[in-house]
Each structure stands twice: as structure tokens, then as C-alpha cells.
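Visitor: Take the sequences, apply the hints, and build the full model.
Each protein sequence line maps, in turn, to chains A and B. Per our numbering, the very first residue in the first sequence carries number 493; after that it's consecutive. Per our numbering, the very first residue in the second sequence carries number -9; after that it's consecutive.
Worth flagging that the hints you see were computed from the coordinates, not collected in a lab. Even for Gly, the Cβ is constructed at its ideal location relative to N, Cα and C.
27 Å max Cα-Cα, derived DSSO-like pairs, lysine-lysine: (1) K96(B) with K16(B); (2) K125(B) with K680(A); (3) K16(B) with K125(B); (4) K727(A) with K125(B); (5) K96(B) with K682(A); (6) K125(B) with K682(A).
Under 10 Å between C-beta atoms, here's a sample of chain A residues computed to sit facing chain B: (7) R688; (8) G690; (9) L692; (10) C699; (11) M706; (12) L713; (13) R743; (14) D744; (15) T745; (16) R746; (17) E748; (18) F750.
Derived Cβ-Cβ restraints for the label pairs, each shown as a range: (19) A604(A) with K125(B): 35 to 45 Å; (20) A591(A) with P100(B): 57 to 67 Å; (21) E525(A) with D110(B): 42 to 52 Å; (22) D702(A) with N128(B): 25 to 35 Å.
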Amino acid sequence: MKTFTLSKLMASAAICAVALTSAAHADPHPDAELIIDGELKLNVRAEAPAHLDGALPELYSGWLFRTDETRALQMDDFENPAILAVEAGAELWETAQGATDQSCADCHGDAAESMKGVRASMPKVNENGDLWSMEDYVMNCQTTRMEAEPYGWNSSDMRNLTSFISMQSRGMPVDVAIDGAAAPFWEKGKEMYYTRFGQLELSCANCHEDSWGMMIRADHLSQGQINGFPTYRLKNAGMVSIHNRFRGCIRDTRAESFAIGSQEFRELELYVASRGNGLAVEGVAVRQ
Amino acid sequence: MNSRFISAALTSAFVVVAVSASAEIKPADVVWENDIAIPASLTGVPGDPAEGAKVLSARSLGNCVACHQNSAMPDVAFQGNVGPSFDGVGARWSEAELRGIVADAKRAFPESRMPTFYEDDPAAFIRPGDAYTAKAYNPETFSTLLTAQQIEDVVAYLVTLTEY
Chain A
493 MKTFTLSKLM ASAAICAVAL TSAAHADPHP DAELIIDGEL KLNVRAEAPA HLDGALPELY
553 SGWLFRTDET RALQMDDFEN PAILAVEAGA ELWETAQGAT DQSCADCHGD AAESMKGVRA
613 SMPKVNENGD LWSMEDYVMN CQTTRMEAEP YGWNSSDMRN LTSFISMQSR GMPVDVAIDG
673 AAAPFWEKGK EMYYTRFGQL ELSCANCHED SWGMMIRADH LSQGQINGFP TYRLKNAGMV
733 SIHNRFRGCI RDTRAESFAI GSQEFRELEL YVASRGNGLA VEGVAVRQ
Chain B
-9 MNSRFISAAL TSAFVVVAVS ASAEIKPADV VWENDIAIPA SLTGVPGDPA EGAKVLSARS
51 LGNCVACHQN SAMPDVAFQG NVGPSFDGVG ARWSEAELRG IVADAKRAFP ESRMPTFYED
111 DPAAFIRPGD AYTAKAYNPE TFSTLLTAQQ IEDVVAYLVT LTEY
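Guide: Here's what the structure looks like:
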């Protein structure tokens, strides 16, 4: 870049900075705390993990970037519309399916014990060396153990059941493994995160690492964390899965997206999850 | 219709096509200066600042205000701040520089988040899509984000923004 262009740009950046001081709405909320029903505190801030090499100064949940009204919905389980999905999922947990006529509960018992910590560690490498998301584990139980027709990755049954399972880790810190067998998947996900897709040539990092806290038209950019998923989106009036969110963000770069449930999205999920290591699993979140 | 009439009609049709083709500079033929400026108009037709203002603010067109704030448009809701403010942009840059930045900002700012508005080669992009459908691009319809004339219109508007 020529020095003359740089100095002109610095001039405009300096002016920009002045303008920004008055526009405090652009930052994550400075001191809001996410306390559910006045009892359970979820950590919406965390120290950035070492593997981020300083890419983020501190981790912030997407909750901190939302309006007062949206944040309030998630502080009260009676107001939180995502709790309906959790309740529907709890019923599915007990429902016998397939040729073996078994329910999840028949094998796994009380989800509060058997499923505790599962969301916090997903996705992870299974015993065959494949990287699996929570949806893969559910589908595998359905086909091999229950001999049932598996739920579709993005079906409402799957979103409800994964909401219920995620809820069992509410408050636990996200802690996905990125070393050992997970390392090659993580590297691929990282490469994707920095790839500038589509005709707009925007990477995940362009929006969620370089621009978090800024406004892109009406949208207040967060760090794009997935600790709150599955998430109730007010805009969709329904639960959104992690891969569906990825698909939408890539579509918005005028790109050919990847398929929900694809290997690429599993790898991206691992990398994005690891960027949130330390934030609390929110179980089910509410976003705009 | 006699054959002389047909050939006359064809000739005039050919002339019209030839004129517009020679007047509009395709993305691949743009002549750059110092990797930031495009001195020549992309169309030869003077830009219309009023049209440019529309392109700047409409979500379906340039949607420049998604990333740039512009005090001269107080009625346009939800102006972003990913890029610098447009205030004074016409005083900071020449018309040729503005044309270059709008056409392909990455010439001057290689890592810029700003999209390239004048590039019609799908091979220049990674997984280019068919607009916002999430599907693969259609080779029949893939085109620049803005037309040559829309870029001239935007530039004609930006040069008027001389006040800070």
C-alpha cells in the first residue's frame, strides 16, 4: 500500500474513532451478568484460550451483544421460548422408537447424569477416528441400537432433542479437545474460518474476529460463538442448529454454502467451538 | 420486408452494439494508475449523483451504508461502521481514486473487508454463489455486483461529500 493512501486512511480512521466514542452501543455490554432465574450464573466472559494466539482479547458470549429485551428473555426460563424445545426434547428422550422399541432413557437413564458435559465436549472424535457432532451420535443410536429411522440433521425432532441434551451441560465451560486425533480436523476448520468465501470475499474472521462490536447495517456483530446453541432465533421464531447458522452466514457472503451435516461443517464446528473454550454452555440461548 | 431493409436494420443494430461495447470498459480491461485510481470513466456517460445516492443506501444495490456511516443521509436507518465514515470522503480522494476504490478496494487496501464491486470473473472468487441462494453460481447470469454506470453514479455522489 502506498504511504499516501495509508495516511489518508489514517485520517479517516481517526475521525471514525472520535465518532465511535459516542456510539457506545457498538460494544458488548460492559457489565451485564447472565443469571438464570436469579440463581444460576453462566459465564458470558472468559479468558481467551492460548490456541487463539491473541486473536481475541477476551471471549464474549453473543448474549452480551443483544438488546436489553433479548437478554432479559434468556434470564427467565418461563420467558425463554427455547425452553419449549427442551421440554419437547425431554419427551422424545422417553419415547420408544424403532424395531427394538427402546427409548434413549432405556439405555442412558437419567439424562441429568448421563448427558452432563456432552454438549461441552462436542464435536469430538469417535472410536473409529471420525469427527462427530451431537447429531451424529443421536443418529447412530437411532440406526444401530434402536433400529429406527434417524431424525434429519435439521429436523425439529433433532433440534428439540439436542436442545434437551445441551441443557444438561448448562453452566459448564465449553471444553472441546483440539489435540491428538482431533488436531487434523481442527486445522481444517481453522483454515475454513479464515477463507474468504463468496462474491463478497468475507471470511468468518472478517466479521467475527476483525469486526466484532461493530455494526453491519442493523446487525451488531458478535464473536460468532456457538456456546449458546441450539439457539432460539426471534427472527426465525424457532430453534436454529449450529450448522444451519453456518450455512446462513456463508450464504450471506454470496457463496455456494456447504451442506448441513457435511464433513466441512463438522470441522468448522470443532474450530468455532474451540474459540469458545471457557465460556459457559448456555444450554439453549435466545438471539435476535 | 425486402433484403435491403433487413441488411440496413442489421447494420444499424450492429452499430448500436458496437458503440455501447466500446464505451463500456469491462472489468478485465480497466486501466489502473498507482494501483488505486481509474482515471477514465467506465462508461463515458457522466454519473448521476442522485442515482448514486440510491445505490449507496439500497440493500439490494450497493448497500454501502451497511459498512459506512454517512451524515449526509440522516434518513437512512442503520448505518454501519465496519469501514470509515463517508464524511469528507470527496475531499480525501480524487474522482479517479474513488472510482478505483469502489471498483476494487483491494487494489489499494489488499486485506480490506470491502467487497470488489467490479469483477465479473467467477474464477476470481472462492465458491461464488448464485446471489444469496446458497447455491452455486450460474455462469449465464454471474455478473459484477454493480454495473459500470452504477459505479459512475456512486462516484459522482461521493465527490460531493467534501464536508467533515
